[in-house]
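So the sequences go chain by chain: Y and V. Position 56, counted from 1, in the first sequence is what numbering that gives the first Met the number 0 calls 55; the numbers after and before it change by one each time, with no gaps. Position 14, counted from 1, in the second sequence is what numbering that gives the first Met the number 0 calls 13; the numbers after and before it change by one each time, with no gaps.
Incorrect hints may appear among the rest.
[What the hints assert, rightly or not] Which residues of chain V face chain Y? A few of them, derived with a C-beta cut under 10 Å, are:
#	residue
1	K176
2	I282
3	A325
Note that these hints are calculated values from the structure, not bench results. Don't be surprised by glycine CBs; every beta carbon is placed ideally from N, CA and C.
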Amino acid sequence: MSDIGTKAQSPPTPAVRRRLPGGATASVLKRAAVTGGLVAAAIAVALIKSGSGLVVWQSVVTGLLMGGLYGLIAMGLTLIFGVLDIVNFAHGALLAIAMFIAFGVVQGTGLHPYLTLLVAVPALFLIGAAVHRGLLGGTGGASLENQLLITLGLSLLLENGLLMFFGAEPKNVALPGDFQFSLFGAVVPGARLYAFLGAVLIGAALYWMLRRTRFGTAIRAVAANRPGAELVGVNVRRVHTLTFAIGTACAGAAAVLAAPLVTVTPTLGEQFNITAFVVVVLGGMGNVAGALAGGLLIGLVEQLTTIYMGGQSSLLGVFAVFLVVLFLRPQGLFGRRA
Amino acid sequence: MTGITLTGRPGPGAGAARPAKAPPLRPQNRQLAVLAVLLLLAVPLPLVLPPAQGAVAVRILIFALMAIGWNVMSGFGGMFSFGHAAFFGLGAYTSAYLLVEHGVSPWIGMLAGMAVAAAVAVVVGFFAFRYRLKGAYFALATFAFAEMLRLVVTTTEFTGKAVGFTVPLIQGSSLWKIQFAADSPAYFWIALALAGLAALVSILFLYSRTGRYVTAIRDDELAAASLGTPVLRYKLVTVALSAAITAVAGTLYTQYYLFVNPDLAFGSSVSIQAIAAVVIGGIGTVWGPVAGAVILGSLSDVTATLLRTPPGFLDFLQGRSGLDVAVYAVLLILIVRLLPKGIVGTLAQRRRR
């Protein structure tokens with residue numbers, strides 16, 4: 000797994016298991032098996048409840064495709080959380096900003112929506128760097144509550160700024176030449192497939208960067224041991240700012256990919272933000288691959304909850320999973336203990 | 000001789016470098032005197048203020064109740080809650096349900112709401128502390144819990160689903176039903192009495208034996224536990240008290256606005272309002288929540304008026320919502336960046352120096 004720094008969250012049970020060589024893989028496999036078993040059980044219950052294989056299959060496909068997007072949004076958040084220890088409540092609002100940028104560019108220039116990636120991603124990268132240097136003081140120095148409050152204030156400011164200038168009317172980003180196809184009977188809109196593929200691609204690139212490049216090594220070093228990294232000459236302040244900017248840029252990419260799938264409103268970031276936090280906790284703080292896996296899982300949970308309980312309560316299942324994981328495995332389903 | 004120097008007063012330098020953690024007994028009387036003066040000054044307010052400002056004053060008092068409640072748990076107790084909407088909502092819904100469905104007086108509904116909120120808080124707190132959730136994890140857990148309650152209430156039949164409750168209007172005024180003519184000063188006096196009571200309770204709590212234990216646990220849980228302090232018990236007492244005070248604000252809200260729905264009661268903006276007020280005033284101080292509520296309450300009134308009749312250069316904002324929240328978001332960021340201890344906290348620090 001690509002933990003970029005498992006944070007010292009106190010273990011939930013006093014018993015500390017010794018980790019033998021090779022044991023880590025075995026235990027990850029075991030957890031994956033348990034998770035898979037639970038998912039299979041949930042699908043079975045959904046089958047009994049709905050009585051229609053097609054409905055469940057459609058939910059599974061939709062859930063997984065949506066989950067890829069959740070994973071992408073959560074990747075940026077988990078990077079920021081894992082390296083800087085900042086609970087970034089503004090992530091969703093930044094996502095909304097990027098969507099409005101995409102919307103504005105498409106409206107203004109008639110560019111293909113996906114080409115707005117070239118504008119939205121660099122813009123969000125710069126915004127992220129500016130926010131980190133300007134508002135968060137450029138370091139992870141302030142107390143946890145203060146960082147949380149600053150990002151909360153920022154999110155309120157951005158959301159209400161959008162509300163003031165664009166109004167609350169929902170907007171749409173139409174994808175020219177959109178299509179849909181059938182996958183063993185399940186309807187798959189093209190935009191959804193592109194979003195999923197984009198998420199996997201960006202996730203892989205991020206993983207590669209963290210594992211294989213010098214800069215990625217520096218990020219992991221800062222996350223694992225800040226003073227140690229400083230001692231061997233890593234510019235921690237710079238790494239922090241760049242990490243925050245990359246995390247924000249991920250939100251930018253996710254926003255462009257998601258824009259054709261949703262109605263764009265100033266407050267739509269909120270719900271994505273909540274889901275992303277769940278995914279981050281599920282995947283383990285700072286675990287990029289975990290974020291993608293967690294995203295897929297949450298996409299499934301959301302769709303299946305809709306089958307169990309009807310449309311309005313899809314988030315209820317998400318929160319239930321969240322609390323259970325938070326209490327029983329605060330280091331995440333796929334994370335390691337420090 | 001050495002004995003005298005050891006017990007002698009510490010030099011001025013020592014006191015300034017290390018802020019006194021456990022407050023001495025004396026300040027209690029000072030705080031109570033301040034409370035008495037504030038109440039005396041506030042009582043004639045509704046007779047002086049124009050009706051529109053009277054409504055703002057009531058809202059500020061509801062705000063203050065919420066903030067005082069949040070401050071007990073997160074300021075005195077150091078347990079950063081992001082889900083106080085849960086307790087506000089439980090207070091609002093319990094009394095609204097009892098009144099609308101069974102005709103029970105809101106005074107009794109208020110007590111019931113406090114009991115329900117405290118009980119729920121103890122259960123949630125027990126799980127959170129049992130599994131040692133701290134910091135960001137604790138905040139996220141409380142947030143998720145409040146959101147779950149909102150969703151459950153939105154989908155449950157007997158809580159009126161997304162519609163919520165509308166308090167039935169009665170003929171004439173009734174103290175027993177907490178209903179008066181719209182601009183009656185009685186609302187203000189009731190809210191003032193309850194807010195004063197909450198402030199009194201929070202002062203007595205902070206300087207009580209239990210309060211000392213609670214602040215000790217906040218400052219160094221390990222040290223407190225190693226001295227034999229029953230940490231879990233004191234944390235749960237704090238959480239219950241905080242929830243009960245916040246529930247009173249919920250009941251009062253429903254009675255004043257005669258209406259409540261899931262978003263108004265359990266929405267995350269309720270939690271944020273409580274947090275913002277205390278942060279601006281000063282976390283962990285007795286008067287921070289009150290100061291923050293007054294500032295935020297009057298600010299949101301000013302921005303609302305500004306939006307209704309904007310001056311020329313703000314014409315484009317006419318009819319747009321969002322400015323009031325944007326203003327307090329800016330204020331929140333500025334205060335956290337420039338005065339991390341809040342207004343009251345910073346003033347107190349200055350004076351101590």
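Right, here's what the structure says about each hint:
no.	hint	in the structure
1	K176	violated (33 Å)
2	I282	holds (8 Å)
3	A325	holds (4 Å)
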